[in-house]
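Student: Each chain, written out:
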Amino acid sequence: GENVEQHPSTLSVQEGDSAVIKCTYSDSASNYFPWYKQELGKGPQLIIDIRSNVGEKKDQRIAVTLNKTAKHFSLHITETQPEDSAVYFCAASSGNTGTASKLTFGTGTRLQVTL
Amino acid sequence: DSGVTQTPKHLITATGQRVTLRCSPRSGDLSVYWYQQSLDQGLQFLIQYYNGEERAKGNILERFSAQQFPDLHSELNLSSLELGDSALYFCASSPWVVGDTIYFGEGSWLTVV
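The listed protein sequences correspond, in order, to chains A and B.
The first sequence begins at 2 in my numbering and counts up one residue at a time.
The second sequence begins at 46 in my numbering and counts up one residue at a time.
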């Protein structure tokens, strides 16, 4: 099955700096790569996603890049703000048959943005 | 607010007991997923239902079962509970097929004492 590795497990940046979180996946059939942000006591919230036919996607201060050859994808947050502090999860979808689908998650990165 | 509703939000029960967690997917979504989140295991996929039928199975214990009803809400039944079953249980939903964005509910905190 799919295996997703995520690094680093914790990341501390100063407000205004950039943060980069990296993930690798094992299943070359995976074709959908979302990123989720989870705040304390809440469910994971989708912040950006990318599909395998696209190399990069940007949404304001957040961008995701995908390298299918190397099987890795990254989340980039620019001009970080204190409200960006949370746990971030990458995931890969390995389902490719009919209506069966599941996301395999990375182990999470705890991002702390300090003033 | 993702539109996925889970009840109860918190639950404390004793070992050996049985509990039922309930999930209402976003309006129009046909797929429901259950995930378990614990400190040492991260987010683990348990099971997926699509329009009432089981579609994918993950690391779900035999003591656990789920179903999706005709109105598309889903229930996760956890029986013969053990201390190690204490975790956050998330339900998520998506509209249709593989590769769709899935949206998570706020979770049900289960504490087994």
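Keep in mind the hints are simulated off the structure, nothing from the lab.
Beta carbons are placed, not taken as given, at the ideal position from N, Cα and C, and that holds for glycine.
Among these hints, one or two may not hold up.
[What the hints assert, rightly or not] Just a few of them, taken from the derived set where beta-carbon distance is under 10 Å, the chain A residues facing chain B: (1) 20; (2) 47; (3) 105.
Student: It remains to establish, for every hint, whether it holds in the given structure.
Tutor: Structure-based check of all given hints:
Violation of the interface hint for residue 20 of chain A is found here, the shortest Cβ-Cβ separation to chain B being roughly 20 Å, above the 10 Å cut-off. With its C-beta approaching chain B no nearer than about 6 Å, residue 47 of chain A sits inside the 10 Å limit, and its interface hint holds. With its C-beta approaching chain B no nearer than about 7 Å, residue 105 of chain A sits inside the 10 Å limit, and its interface hint holds.
Of the numbered hints listed earlier, the single one contradicted by the structure is hint 1.
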